[in-house]
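J.: For reference, the chains in residue letters:
Protein chains: 2
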Amino acid sequence: MARLSGGDPSLLRRLNAIAVLRALYAAEELTLTELVKASEVSRPTVEEIATDLGEQGLIEEVQLSPDAPRPVGRPAKRYRFRPESGHVAGLEIGPHQALCLVADLRGVVVGRARAEVTPEMDAPDRLGVARRVLGAAVGGRPNVRVLGVGTTGVVSGGKVVRGERLPGWTGLDLPAEFGGGCPVLAGNDTKLATLAEHWRGAANGVDDIVYVQAGRTVSLGLLLDGKLHAGHNGAAGEIGALRRVGWYAALDRFLAFGDGSGSAEATRRVFDALRGGDPEAEAIVAAFVTDLCVGVAAAVLTVDPQLVVIGGGLAQAGDLLTTPLRTELTRLCLFPVRVETSMLGDDSVALGAVRLALSRVERELFSVADVA
Amino acid sequence: MARLSGGDPSLLRRLNAIAVLRALYAAEELTLTELVKASEVSRPTVEEIATDLGEQGLIEEVQLSPDAPRPVGRPAKRYRFRPESGHVAGLEIGPHQALCLVADLRGVVVGRARAEVTPEMDAPDRLGVARRVLGAAVGGRPNVRVLGVGTTGVVSGGKVVRGERLPGWTGLDLPAEFGGGCPVLAGNDTKLATLAEHWRGAANGVDDIVYVQAGRTVSLGLLLDGKLHAGHNGAAGEIGALRRVGWYAALDRFLAFGDGSGSAEATRRVFDALRGGDPEAEAIVAAFVTDLCVGVAAAVLTVDPQLVVIGGGLAQAGDLLTTPLRTELTRLCLFPVRVETSMLGDDSVALGAVRLALSRVERELFSVADVA
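In order, the protein sequences belong to chains H and D. Residue numbers for the first sequence follow the UniProt record's numbering, beginning at 1 and rising by one. Residue numbers for the second sequence follow the UniProt record's numbering, beginning at 1 and rising by one.
One or more of the hints may lead you astray.
It does not matter which identical chain is meant; a pair holds if it fits inside one copy or across any two.
Below are the EDC-like pairs computed for lysine to aspartate or glutamate, each with C-alpha atoms no more than 20 angstroms apart in a straight line [unchecked claim]:
1) Lys77 to Glu120
2) Lys227 to Asp208
3) Lys227 to Asp207
4) Lys77 to Glu48
Everything labelled a hint here was simulated from the structure, so no lab data went into it.
The whole structure should be built from the sequences, with the hints applied where relevant.
T.: Now the structure itself:
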């Protein structure tokens, strides 16, 4: 602040460059005059900055197509931001799938690859599949600026601090496994799925949410004040660890219905039976909802969110799950709470990893952090 | 940000004034030369600003005492911030006490008044006592800039949204009751006690805490990223509402020991008996800790804080309560969690209300919010 009032020229220059880049990022394309107006930076400075940003490949002067009507007099210079000048990759390494999404600097997904894995697979094999999937999705693009990785377990400082669910997972150092090419950021799968819901999902525009990952396991993600809440040990949302919450007993009964594999098919079978009015399915889902809601209500009463989003394999049940959930949560909590189902399907974790990576790049491009 | 790069003169002037005031607020007193250095603002501008701030009464030129050794040549101008130029009041209106603390602009408590009340008292009587206590603590100081009020129930937007514990409390509009003189900010008692622990208590310097108010009732306060987390309905931390948590059953058994009044004496009696090795007291405290920890663990697993602070009447038990609590929480949670007891006693809520009011005043004096 004092630096500002002192008026540091290099800082002002940076602020100007950021103002110009932001204006172009926000628009489709702008003439030099529009850019001067939008950035509130003087015309000669804008021209210098535009040259620098052009050399960095971040923006370009738009050429009139030869068959466009020749304008009267000297044509106005037009500039555009080049989202294709860089990419980010988001990689999920899960118990059942390795999925990678590659997006440009505007977050538009331009590459994708997926492979099935099994919970039993050992770490080297799982990492091998993940690397192949990453390579296939990147598809030789030279300019991947940041890689985001989402996986199961407690992830903190890039490391899997606790990963009992997958063999050889605890202690895994993800930047070490995937680094070299570009910076690597890692996060817990449920937490990244929470980010994805806020970015492109049911929680878009909502800044206080509890995300419930309900599938073969149950876990929670918190987004508070628009920011992911990771917790001191990176373990926020791990309420399922509380035995009295009784999630796993309920889940086992649920999954035991059908072939007990907890596969998508088995889950579908429970909800088909429910739709068909099967009393056993009804009893199982009712019991599951009752037990699930104890933990969800504890989280809702603790942080008092605007919205609860149900994601994971069970989200496919839609209202069959959310309607009783809504009723039970309203019964248990002080205030009625909005409950929505995720529509992101199997992409949510990888999409959250893309968001994680993209936020780092946006900070690099647009950050004024050291000004505040 | 664009405004900055545009270089708005009135904004720069404000930034300079803030830089000067901050420098003086941070120091005991400064010479003009020291002030120019500390604020990074030019000498003539500092002199103009000093005159303005002097006229506002926020700072003053320090006069050499007549008996001080006469310095050689023209004496250097010295300035000091005037914490006495304004005050804030923090008022607790509780079931058992009305307590008001008045502090100067550095948060030094300079006034205090307290009166006993009863849970049964009706709202007009309770508010009457609160007003008398407020008047007594302010003691005719003309310059109370903001009043903070802390009370029981869910408090949102200055209103008591839910206040079942006190007759006629739900729907109470605190700014309307206490306004006129100065702006009134209101908050839930447990949330303000949480602020107080962060400001002057066991959580000083810790930015992620769960505060457990354990007395005649149990409730939780959350401080996340150094900011109080109120929740969408102002109801964050109300996990006690969850029956399966079983706090009240445990508390009733606990309070039933002795005369059942839950008075400080009755509580002391339980812990004296415990120290004396009374098996009934041991059983009661053990049961209470077990049940208390279910809800605390749910909150700890949800937000994964750095520290749990135990406050309220039971905090007086110190290690008799925190030692078994620590053991039980470590058993229930994924990571060991630090547990401390509050040392703020009956002042915590009023002190938190002072902090609430002071933060508003600090924003008015030092804010650069509209710059970021």
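J.: Does each hint hold? Answer for all of them.
T.: For each hint, the structure was consulted:
no.	hint	in the structure
1	Lys77 to Glu120	neither (59 angstroms within a copy, 76 angstroms between copies)
2	Lys227 to Asp208	both (8 angstroms within a copy, 14 angstroms between copies)
3	Lys227 to Asp207	both (7 angstroms within a copy, 15 angstroms between copies)
4	Lys77 to Glu48	within (13 angstroms within a copy, 46 angstroms between copies)
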